[in-house]
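Novice: The lines below spell out each chain.
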Amino acid sequence: MKRIVATTFTLLIGLLAWNGDASAFCGFYVAKADTKLFNKASEVTIARHDNKTVITMANDFKGDVKEFAMVVPVPTILEKDQIHIGEAAVLKHLADYSAPRLVEYFDENPCRRYELFQDKMGALKNMAPASAELKRERDRALGVTIEAQYTVGEYDILILSARESNGLETWLSENGYKIPNGASAVLQSYLKQHMNFFVAKINLGEQAKLGLSHLRPLQIAFESPKFMLPIRLGTVNADGAQELFIYFLTKQGRVETTNYRTIRLPEAQEIPVYVKDRFGDFYRDLFTQQVKRESERGVFLEYAWDMNWCDPCAANPLSTEELRSLGVFWQETNGRIGKGMPMAQNVFLTRLHVRYDAAHFPEDLVFQETTDRSNFQARYILRHPWNGTDDCPAATAYRQQLRERQEKEAQTLANLTGWQISEIRKAMQLASGPLIEPKKWYERLWNN
Amino acid sequence: MGQDNGKDRSQKPAIWRDPRLYQIACLSGLLLYGLLWLHFEVSPWQITITLGTALLTQYAGTRFFKLPAFDPKSPLISALSLCLLLRTDQLPVAALASFLAIAGKFVIRWKDKHVFNPTNLALAVVLTSGLGWMSPGQWGQVAWFGFLIACLGGLVVTRAARADVTVAFLVFYVGLLIVRALWLGDPLMIPLHQIESGALLIFAFFMISDPKTTPDSRTGRIVYALLVTLAALYVQFGLFRPNAPLWGLIACAPFVPLIDYLLPGSRYDWAKPSTGQRAISPPSHVIGQPSAVNRLRSLLSIHQPGRFS
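Residue numbers (the numbering used here), protein chains in the order written: chain W, 16 to 463; chain P, 1303 to 1611.
Just so you know, these hints were derived from the structure itself, not from any lab. Some clues are possibly wrong.
[Claimed, not checked] Computed spacing ranges between beta-carbons, pair by pair:
id: 1; chain 1: P; residue 1: G1432; chain 2: W; residue 2: A374; range: 33 to 43 Å
id: 2; chain 1: P; residue 1: V1409; chain 2: W; residue 2: E238; range: 33 to 43 Å
id: 3; chain 1: P; residue 1: G1477; chain 2: W; residue 2: E238; range: 30 to 40 Å
id: 4; chain 1: W; residue 1: E238; chain 2: P; residue 2: G1487; range: 24 to 34 Å
id: 5; chain 1: W; residue 1: N361; chain 2: P; residue 2: A1327; range: 39 to 49 Å
Predicted, not measured: the structure shown is a model, and the values here were computed from it. The beta carbon of each residue, even a glycine, is placed where N, CA and C say it ideally should be.
My request is simple: use the sequences and hints to build the entire structure.
Specialist: Set out below in C-alpha cells:
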C-alpha cells in the first residue's frame, strides 16, 4: 500500500496535542483559545548561534497514522548523534510563553483612587494527536544513496543523497511514498543545491515498546551557513494555505525573514470587553485580516522577548534545562539566579507566524538574526468600565467619555478583525448594558 | 539616456542638470511611503540625527579641506539612503553611520577620488560591528513597483550620464539569477521574487551608480558592474549571507583605481554630467594599451569644485 507522505510533505512533523491549559503565572485564563484555531498548523523551533543549528520539528499530522512519513531537505549528512527526540512538553511551554495574550484592566471609581489589575492571556495552540504505523522497506537503485540509516526513538530515519531527482522520485515511489505531482522539479532544485534528504517513518516495534500514543518532536543538529527553512515541498499540491509557527532561540537578538516582509502584528489595542469569551475567534480573524492586508505575502512577528523575563507572563520563562533540550547549546546548565526563578541568559526568543502557499511564497524562507533586542508581544487590552453608582462631577465626565471610548473600541475591533461594526455594537450593548446617552452640547452649556 | 546632450541642457541653469535633485526627491518620497504605509522601524529622531550628522560632517569637511562651497545634495542622498536601509536600536549608531559615510569620502581617497560609496561604507562598518542591521525584506510589492518606476523615470528625466553602470549591473544580476533558476529547474517566480527588493533598487540606482566612486570610462564601469554582480552572487549563494550586493560593492570598490588606470576616462563633475568618454580615444584603442597621455591624465586629474561631493 502506498504511504502518503505527511499531509504537507514538508519538514514539519506531528505536533503533539497542545490542548491548552497553559499555566497561569501572572494571571488566569479569560478565554481559552480553540485548539483548532488554525488548521494545518506546524511548529518548528530553531536554536541557532554561529551557524550551529538545532531544529525541533512538529506538525499537526492528522489522518491515518499508517500513512505518516516525512521528507526534509537538510544541508548536511546527519550522523546518528545529530538526531534526537524532543519533548513535546517543552515545545508546549515555549508556545504558551510566547502566545498572543489578553490583558485586563478595570477602570477605577473616578470618585476614588482605586485600581484593579489583572492579566489574562489566551494561548493559541495547534494540535494533532497522531499515532502511526509504517512498514519499512528499503531499496537501492536509481542513483539514490542511503547515506545512513538510524532508529531513534520511535522513528526510522534515512539520510538520502541522490544524483538526480527522477531517481530520487522513483526511489521514494518504489518505497511506498506517494510523491505529489510537481515535487520532482523541487527535489531537483534541492539536489542541485547540494541538499540531502532526511526521511523519517515510524518504527512500529519501537513505538509499541515505548508505549506512546503520540509522535514526539524530532530534532536535528547541524552546522551550516544556511539559515533557512525549506517550505517548497510543503506547497506542492497543498490543499490551500498552511500555517507555520517558528520559534527562534538566538543569542544576539530578533530574527526576521530576509526574502519576505516581516511585520509586527497590531498590538496593545483596546478592544471591547465581550471579546474575553471569544479571544480565539478574535485572534484568528485578526490574523486573517492582517494576512489579507499584506497581500498574503507577509511573515508576522507575534513575540520577541529576552528569555529572562516577561510582562505580563503568559507562562513562566523556560528554564535553562528546557532551553537546552530545545538546542540552546551556548548556555551553561546552572543558570538559576535568585529565588529559584529559572533565568536563562543570552537567549532571545522570536516567534514568527506565517500562512503560506505556493503562489505567494515561491521561495524557501531565509532568515537573518538582527541585533535588535527590543521587546514585542501581541497583546490586546480589555478595559472594564466602572459600574458604580457614586455621583460626583468626575463620575459624570467619566460616563460621558465611556460611550466614546466604547465606540472607539468597537471600531478598533471591526478594523482588526473585519467583523461587522453593527454586530459588534449589538454585542457590546448586550455585554455592557444600556449606555448613557451623552448630553447635547447646549445641555452641557447651560447644565440643564 | 546616458549621453550628454549639451544642446538643450545648456539652456537650463546648471543646478537643474544635477541628477541629485531628482534622486533626493525620489528617496524622500520613498522614505515617507515607508514610514506611513510600511511602518519602517525608523524613528523621527533617527532620521533627524542621520540627516543632521551628514550635513554637519559635510560642512566640517568643506571648511577643513577648504572647498569653495558647501553642497548639501550628496550628503542628503547618503543620509536618506541610510534612513531607508539602516536599522538600529541606538541613536548614536545612526549618528556614527552618518558620520562614517561622509567622513569616509574626505579621508579614504585615491588619486583625488573617494574609494567607497559613502552609504555602502557606513553600512558595511555598522553591520560588521553588529551595531545595526538591514531589513532587506521590508519592502512590499507596491512600494517596489512604484520605486522601480520612479527610478527609471529618474534616468529619463535627468538623462543621468552614468546610468550605464546601473543598467549593466541590473542586466548582469537579474540575468544571472534567471540563469540560475533555469539551471535549477525553478519557476521564474523565484528570481522575480528575489529581485523584488527595494534595497536592490537603492543599490542599483543610488549606490553603484555613484559617478564619484565608479570607474571613469564606460567600458570600465561595465567591467566593474560585472565584478560587483559576481561578488554579490557569491555572497548570496556561496556564503548564504543577506544584503549580498552591498558586500559585493564594498569588496570591488578598491579595484576602481586599477580599472581607471587600465581604462581611463574623464572625471565626473555633477554640474556637467558626462559619460567620461569626451576626452579619451575610442575604447578599442584604450583597452589593454592606454596611451601615456591618458594614463597621465588619469593619475594627475586635478579637478574643479565639487570634487569632494
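Novice: All hints, please: hold or fail.
Specialist: Here is what the structure says about each hint:
1. P:G1432 to W:A374: 33 to 43 Å: holds (37 Å)
2. P:V1409 to W:E238: 33 to 43 Å: holds (39 Å)
3. P:G1477 to W:E238: 30 to 40 Å: holds (33 Å)
4. W:E238 to P:G1487: 24 to 34 Å: holds (28 Å)
5. W:N361 to P:A1327: 39 to 49 Å: holds (45 Å)
Of the numbered hints listed earlier, not one is contradicted by the structure.
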